[in-house]
Amino acid sequence: MNLSALLPGLLLLAAPLSVKAADAKALEKLGASVETDPKYPPVVSYTLKNGLRLLILEKKFAPTVSFAMTFKVGNVDCPSGKTGLAHVFEHMAFKGTETMNTRNYSKEKKVLDKIEATAQALIAEESRGASADRAKVEELTSRLSALEKEAGELSVSGEFTSTYEKLGANGMNAATAVDYTVYQVSLPADRVEAWMIMESDRFKNPVLREFYKERSVIMEELRMGESKPGSVLFENLSAAAFKAHPYHNPTIGWMDDLKKLTRTDAERFYETFYVPNNATLAIVGDVDAEKIVRMTEKYFGGWRAKALPSDAYTAEPEQDAERRVNVFFDAKPAFYMGFHNPGEAHPDTPALIMLSEVLSNGKTGRFYRNLVEGKSVALYAGSHHSLPGSRYPSLFLVAGYPKEPHTSADLEAAVWEEIEAVKKTPPTDWEMEKIINNYESEMVRGLESDLNFAKNISNNDRIMGDWKYDWALLARLKGVKPEEVSAAAGKYLKRSNYTIVSLAPKGAVK
Amino acid sequence: MTAAASFAGHPVLSKFGQLDFRPGKPARYVMENGLTVYLLRDNTLPIVHSTLFIAAGNAHDFPGKAGIAQMTAYLAKDGGSARHKADDIDKTLEYLGASISGDSFSEETRLDMTALRKDFDRVFDIYADVITAPAFEEEKLKVARDAELEVIRRRNDKPDESAVREAKRMFYGPAHPYGVRTELSTVGSVTRQDLLAFHSAFYRPGNSILAVSGDFASDEAMLAAVKGKFGAWTGAAAPRAGIPAAPELTGRKVYLIDKKVPQAFLVVMQKGTDYLTPDNYPLAVTTDILGGGFQSRFFREVRTNRGLAYSVYAANARRKKGGFLFSYCGTKPETYSQALSEMLKQLELAGAESPAEEEVSRSKGSIVNPFVFKFATPHKLVSERALEELYGFKEGYLDSFVADVSAVTPATARAAGKKYFDPSRAVIFVIGDKSKFDRPLADFGPVTELKED
Numbered sequence: 000m001n002l003s004a005l006l007p008g009l010l011l012l013a014a015p016l017s018v019k020a021a022d023a024k025a026l027e028k029l030g031a032s033v034e035t036d037p038k039y040p041p042v043v044s045y046t047l048k049n050g051l052r053l054l055i056l057e058k059k060f061a062p063t064v065s066f067a068m069t070f071k072v073g074n075v076d077c078p079s080g081k082t083g084l085a086h087v088f089e090h091m092a093f094k095g096t097e098t099m100n101t102r103n104y105s106k107e108k109k110v111l112d113k114i115e116a117t118a119q120a121l122i123a124e125e126s127r128g129a130s131a132d133r134a135k136v137e138e139l140t141s142r143l144s145a146l147e148k149e150a151g152e153l154s155v156s157g158e159f160t161s162t163y164e165k166l167g168a169n170g171m172n173a174a175t176a177v178d179y180t181v182y183q184v185s186l187p188a189d190r191v192e193a194w195m196i197m198e199s200d201r202f203k204n205p206v207l208r209e210f211y212k213e214r215s216v217i218m219e220e221l222r223m224g225e226s227k228p229g230s231v232l233f234e235n236l237s238a239a240a241f242k243a244h245p246y247h248n249p250t251i252g253w254m255d256d257l258k259k260l261t262r263t264d265a266e267r268f269y270e271t272f273y274v275p276n277n278a279t280l281a282i283v284g285d286v287d288a289e290k291i292v293r294m295t296e297k298y299f300g301g302w303r304a305k306a307l308p309s310d311a312y313t314a315e316p317e318q319d320a321e322r323r324v325n326v327f328f329d330a331k332p333a334f335y336m337g338f339h340n341p342g343e344a345h346p347d348t349p350a351l352i353m354l355s356e357v358l359s360n361g362k363t364g365r366f367y368r369n370l371v372e373g374k375s376v377a378l379y380a381g382s383h384h385s386l387p388g389s390r391y392p393s394l395f396l397v398a399g400y401p402k403e404p405h406t407s408a409d410l411e412a413a414v415w416e417e418i419e420a421v422k423k424t425p426p427t428d429w430e431m432e433k434i435i436n437n438y439e440s441e442m443v444r445g446l447e448s449d450l451n452f453a454k455n456i457s458n459n460d461r462i463m464g465d466w467k468y469d470w471a472l473l474a475r476l477k478g479v480k481p482e483e484v485s486a487a488a489g490k491y492l493k494r495s496n497y498t499i500v501s502l503a504p505k506g507a508v509k
Numbered sequence: 000m001t002a003a004a005s006f007a008g009h010p011v012l013s014k015f016g017q018l019d020f021r022p023g024k025p026a027r028y029v030m031e032n033g034l035t036v037y038l039l040r041d042n043t044l045p046i047v048h049s050t051l052f053i054a055a056g057n058a059h060d061f062p063g064k065a066g067i068a069q070m071t072a073y074l075a076k077d078g079g080s081a082r083h084k085a086d087d088i089d090k091t092l093e094y095l096g097a098s099i100s101g102d103s104f105s106e107e108t109r110l111d112m113t114a115l116r117k118d119f120d121r122v123f124d125i126y127a128d129v130i131t132a133p134a135f136e137e138e139k140l141k142v143a144r145d146a147e148l149e150v151i152r153r154r155n156d157k158p159d160e161s162a163v164r165e166a167k168r169m170f171y172g173p174a175h176p177y178g179v180r181t182e183l184s185t186v187g188s189v190t191r192q193d194l195l196a197f198h199s200a201f202y203r204p205g206n207s208i209l210a211v212s213g214d215f216a217s218d219e220a221m222l223a224a225v226k227g228k229f230g231a232w233t234g235a236a237a238p239r240a241g242i243p244a245a246p247e248l249t250g251r252k253v254y255l256i257d258k259k260v261p262q263a264f265l266v267v268m269q270k271g272t273d274y275l276t277p278d279n280y281p282l283a284v285t286t287d288i289l290g291g292g293f294q295s296r297f298f299r300e301v302r303t304n305r306g307l308a309y310s311v312y313a314a315n316a317r318r319k320k321g322g323f324l325f326s327y328c329g330t331k332p333e334t335y336s337q338a339l340s341e342m343l344k345q346l347e348l349a350g351a352e353s354p355a356e357e358e359v360s361r362s363k364g365s366i367v368n369p370f371v372f373k374f375a376t377p378h379k380l381v382s383e384r385a386l387e388e389l390y391g392f393k394e395g396y397l398d399s400f401v402a403d404v405s406a407v408t409p410a411t412a413r414a415a416g417k418k419y420f421d422p423s424r425a426v427i428f429v430i431g432d433k434s435k436f437d438r439p440l441a442d443f444g445p446v447t448e449l450k451e452d
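Residue numbers (numbering that gives the first Met the number 0), protein chains in the order written: chain P, 0 to 509; chain X, 0 to 452.
Pulled out of the complex, with its shape left as it was, chain X reads as follows (with noise of 0.2 Å):
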């Protein structure tokens, strides 16, 4: 790194400093049922997005039905409404151009609706019942589980996913709600009553946020509207199951798939953070200048100086319980070992050592003034807002995110390095050809080789 770069000094560019910018604030409501409603007006376009945010996800699944979640996410509105055929919604929604979709993550469910204001009111009715009364037909169940089914047999065709997906589930052990992997048996058995019941157990309205952005008259024409749609759903927040905390690594375990295929994929977890932790912002600091951009030590070490992968990264996934820090690399499989052991340094270096004062600097930038684009346009604004109510995050997160994230040092950013970045404790995971590796697997760690499945 350098101070007395030639251009960075331009006195244009160095004019620049830290944008000052904080996120507008939408109207909140909590209406009567419990249901937390955001709403943000904008009359540039003549569409209306709508997002109802619920509180559970695919670690909520039930046990021995993984995939639950998922399922009861698309069938909501593929599945059909108590007044709306499946097939009729299909109809009414492409002949008018809008949508609705749903699709579940780790710990949140999310139904998208999007319209044209002209028939938003058609739409929004469709949308309030596929959440509030879904039907679950069993002939789109039927379609639902055997396209899942067929995810599911497929899932090993694309390996870069796959080393990812296996590493978590090797970090976490493969009955841990974040380790746990969709299989034939558990989507194959899941019914419609399955569905029914976790619909019933986290489909409420104490258990949601709805945030609607876009081409409406007014907040009050709007929240009427929501109201009359929702007003008589009822439940409040959901009881879900405990999630067991991340599992200690005591030391280093390496997984081996051996696979025939161009690339050998590389992963490395380590423990990571949950969302609320005050270490997430030198964290967040750290592990960009680890692993973030185009300037991040990965990045610069493996690619730029070595031209040993196209793509190389670290990042740091939150999870209500304990996430984990992930570094990943696709590199050819003759000089894997090149990469691994360069990205393993770089681990142990931001644990051991001070960033510099540049590099913290350059991240933070990095890391601030883009944080004005994840509110880029009114429902990503309304989203972020509700999703920042939904993880529980403090009052005013969104709005000190800036400060709190100017305010780490590099001392603070080793602090954290330290606390979390050691390669010794770690999952390797390596999907590849071994008999083109130039180095065995085993100077790594005791390997266990494991079979695609």
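Pulled out of the complex, with its shape left as it was, chain P reads as follows (with noise of 0.2 Å):
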């Protein structure tokens, strides 16, 4: 796991890029506003009335753009029962609409309702388990199987995809995360149209075709995963440190919720969550500013706005405990540890930013320092304030993968002699004006590749609520004074907070 992938890319002063002072008139006519402050970059802010909030910035290197679209919604919005769902949403936004991906709608729609009862009919009688009526099983299996054949002669499959793809379109994905979902595309810059007609309709009509088909992909995405040690690791300390969170359940889903969601169960995800003021579009890139909101306005405007459900679920009891689980999995012994932390918005949350940075910030971080070199019990250890996520109180993490002859204990162990040596000693000055000095650096180079800047502020604008985010986090962190990181420490990485996941080998078992 790359820990400082997870940071976000912060920006500093970008002055070459300004929008010109006529430019801006006409757009603060069409009701934009335009970043002035040279501190910022000068993105343009524009709202439509049905709440999809637009952010633009002109930047011009190569004739390309970039498009990232974030909802607010993820895994942790899934009903229970249903956890994956917002992941599965995502995979079929690629599947067209009722223009895209089709020979004749209104006939391929007859056979997708009878698909769908179908497999709702199968799903009913698999779910009895041991009691399930076999023939029923294989009899309604091979319906789908005709009926899905039948569909796939009214379809065209992968026309979305492929459109963008003969569009040139350059890392085109999306990702379900716990506390959003991103979509994101560049084109050439030429072809800002192209994209308001895709995403337009895909975002207003899509039609969730092949949808049991793609439920197995997932489940083939899951397997992969249960391959790899860093996502046994993580989805085992979700499971064990969350209990009534919903951070509790892993974003890919479990197998069996898996195995029961159907087209219908999606689609009214669709219908809650994706609505245009629970979204926040940036475009970045080599584009004129105004035509982009006149565009989004005719593309985007239509679409209707509906009140979104509370998100206020079950928050985490205090944990008073320490938690230890060994997945006994076919690797190298490593562990991930988890310690509650407070919330982005708690007051305390910059100085387990500050102290997650000491702790492992580069070759001159107390990890690198003390425990690869020094002791050289580690390969690697590495943390991070807040994993899975920052809409609710979340994990402060610490990856550790020891180096032979060292085991797990000795590692942890060290890592926790480092812990304590913070909590005793603050951080010096030296170790505090280097984090900032990062920070701010990392700030430019966050504005180097176009999609990530758009992905960065239209993230930070709808999970975070502004767009300026970094910037605003920066200042707190400039304020958090040494002995702030010490008490910090001491507050949240202790022992009744604690919750450790550890890989042992399987030959282990006994």
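If you're looking for bench data, these hints aren't it; they were derived computationally from the structure.
These figures come from a predicted structure and were not determined experimentally.
Treat the hints with caution; some may be incorrect.
[Claimed, not checked] To spell it out: a stretch of chain P is covered by chain X in this simulated footprint if at least three of its residues, at any positions, have a beta carbon under 8 Å from a beta carbon of chain X; those stretches are: (1) 221-232; (2) 274-282; (3) 290-304; (4) 446-455.
[As the list claims (entries may be wrong)] Listed below are the simulated BS3-like cross-link pairs for lysine-lysine, each with C-alpha atoms no more than 25 Å apart in a straight line: (5) P/Lys-212 / P/Lys-148; (6) X/Lys-450 / P/Lys-227; (7) P/Lys-480 / P/Lys-467; (8) P/Lys-48 / P/Lys-203; (9) P/Lys-297 / X/Lys-14; (10) P/Lys-331 / X/Lys-141; (11) X/Lys-141 / P/Lys-374; (12) P/Lys-227 / P/Lys-212; (13) P/Lys-59 / X/Lys-450; (14) P/Lys-59 / X/Lys-141; (15) P/Lys-290 / X/Lys-14; (16) X/Lys-24 / P/Lys-59.
[To be verified] Listed next, with one range per pair, are the computed distances between beta-carbon atoms: (17) P/Ser-144 / X/Ser-13: 54 to 62 Å; (18) P/Pro-62 / X/Ser-13: 17 to 25 Å; (19) P/Thr-98 / X/Asp-398: 38 to 46 Å.
Beta carbons: idealized from backbone N, C-alpha and C, even for Gly.
With the hints in hand, could you dock these two chains into one complex?
Next comes the structure, spelled out in structure tokens:
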């Protein structure tokens, strides 16, 4: 796991990026606002009447444009018994619409409805487990397969993705996390309108065809994760550290839930959460902001807003126990530690971020200096202040990979020595300054890739409520005193708030 | 495939044809000591990037010292230099939020540097010193060696990666420079003297290209800085041990590592191409049609239509002396034979039948139109130009790339398919739980069962 990749990419001065005064005036006339404080890049913000937020940064080097559309919906929002649904819908959002991927939608729809009825009957029968009627299961399976074949003849499989490929899409993808789902792609800059057509249709009129085949693909994705030590560690850590809050569940879902998910479930999920007032669109690259605003109005203006359900999910009760899990897995030893943190908005969070950086930022970080070098007990040790998410209180995570002849127990003890040392002696000024300098440098680097910057501002706008969140965070970090870092370590990194998941080689099972 | 698709005919979508893009040409200089320099000034952000490309990589490891190219690249910076102690370098760079790092690949080594403009002089001084006069401090060598040894001990933790590595090893042979694997013995035996010898053999100005981009005052000023730091560096282009041609496969060889993992990992290896053959243009199209994207035959047949895999693709890994075409799939062991049969069937079809006009045109679009993204940032552009020269491509290779791919026809794509895709001459490598296989692997050819090591 590359923990540094999980840090937000921050930004600094971007002097040569600017919006001309005349353009700014025209944009303001349209109701858009242009960021003029030179501390920030000159991002244009605009909110459609239906609540869709639009952020634009004109940035011209190559004739390209990058798009990121973030929805505030993730695995955390899946109804009970339907884990993985957010991710399943994300896959289905590539399957076309009423006009894309179809030869004749009205005919196709009739077959799709028959497929749904048959699949639901099949799931109901299979859910009876040992008492299921095998003959009925077989009959329904074969009927489903025949209907899928019939539907296949009425559809144009892959038209949506293939159209993008022909247009020259780069990095076309989507990602589902516990907190959000983001759809991303880059195109040659002259193809903005193509994107508008494709995406507005996708989010307004999706047709979740090929649902049950795609569900099988996702089951393979789940098995793929089960083959990787990092995913296995993380899934077990979340499941053990969270008992009540939905961060307990893996984003890919539990296999048994996947087996029971229906197209109807995914459609309901879409209708609830895929609304313009739950999305932020960021467009970065060689574009004209004014044209973008007009085009977004044209293609997304008719998308109807809807009230969103409450997202006050079961809060995690306070942990007052040390939790240890040994997972028997065919790989060399490794562990993940988790400590509950108080959530992103909490006043202790900047100190926890500094703590994480003191421990694991670079070769001068304490883990590298003392555990990889020094005691030579680790191949790698890293940390992050908040995983798996940031919408709710989450986990301060430490990952450890011991180096032979040392064991996980040796490395765990050595990590605890580092934690106890920070509690007793605050970090030096040099360590604190280094971290701030790194954040500022990362802010500049974060602006280099148009797609990464688009994802950064769309996520921050939608999830943290401010596209400039990283600047606000930097200001909070600068205010942290070394003794506050020690205090935060003492308050959160303690045995009663501790979960550790270790991989034990399969040979160790007796 | 269909031409009658309702949506592709959308008046706006159909108006976009092939993108006509030609990458920019950064300024190029050759210094007296033979160092080639590419410069591209861009003041958008207050940052400077530099990459030194060295024309030697893992394939040039000394005999019995597999891993030395990688360790030399890591330790150039991590091991300190003549004028800077390793620990001081880390402190300076990390305090400034700057970075210097080295890495080696099959045929080249890269040393990258990033610094904010305000810190450029200080960081560039360290960068030049670690490249031209690395110290390889013994203590740091021990740290790096211990880490590499642990990485070797852990090399089978991720079976998907193991399958590709081992397939390549069986395809080329375990002693071939493209097939060789680092071992505890090879890494364990690397000494400081070996690192100095590798450095002196290959880290030479005549063997390198420096690409610098970003926020500097002028090309003249940057060139003066480069001359100031690299001007006294000496050494002509380095002689390298010849790399034998990839072995000719006469039949099919199947290998199995029996391992209880949730998926079976399937790799099919065939002979690929070198960097320079004109076959690469039609072959790129054929490979893309076969396993390149969402709409490839592998993706459509194995993933979309059958739901057998999440990850399934084909790619051509080019090498100077003959690369490899590989097809990959991760699928559950209970249906592995369906996925493997389908892949082999598609490989056979790619060699036997002409692709449809529509497939060729889609694929050309998906190669040509995103070509611009290889040049999306100033540093990507200078790096691509440096690599174009490093690999010895014909003059103007990048400039005519669009035209050369555009010239591919179903007939030339078919000819390339016929020449390269023949699954009866292939290495098939499988890691999976054979007790769950739906068909014996022997159905696909004579199986050699190996032990994970």
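Results for each hint:
no.: 1; hint: 221-232; result: holds (count 6)
no.: 2; hint: 274-282; result: violated (count 0)
no.: 3; hint: 290-304; result: violated (count 0)
no.: 4; hint: 446-455; result: holds (count 4)
no.: 5; hint: P/Lys-212 / P/Lys-148; result: holds (11 Å)
no.: 6; hint: X/Lys-450 / P/Lys-227; result: holds (20 Å)
no.: 7; hint: P/Lys-480 / P/Lys-467; result: holds (23 Å)
no.: 8; hint: P/Lys-48 / P/Lys-203; result: holds (16 Å)
no.: 9; hint: P/Lys-297 / X/Lys-14; result: holds (19 Å)
no.: 10; hint: P/Lys-331 / X/Lys-141; result: holds (21 Å)
no.: 11; hint: X/Lys-141 / P/Lys-374; result: holds (13 Å)
no.: 12; hint: P/Lys-227 / P/Lys-212; result: holds (24 Å)
no.: 13; hint: P/Lys-59 / X/Lys-450; result: violated (54 Å)
no.: 14; hint: P/Lys-59 / X/Lys-141; result: violated (46 Å)
no.: 15; hint: P/Lys-290 / X/Lys-14; result: holds (19 Å)
no.: 16; hint: X/Lys-24 / P/Lys-59; result: holds (17 Å)
no.: 17; hint: P/Ser-144 / X/Ser-13: 54 to 62 Å; result: violated (35 Å)
no.: 18; hint: P/Pro-62 / X/Ser-13: 17 to 25 Å; result: holds (20 Å)
no.: 19; hint: P/Thr-98 / X/Asp-398: 38 to 46 Å; result: holds (39 Å)
Checked against the numbered hints given earlier, the structure breaks hints 2, 3, 13, 14 and 17 and satisfies all the rest.
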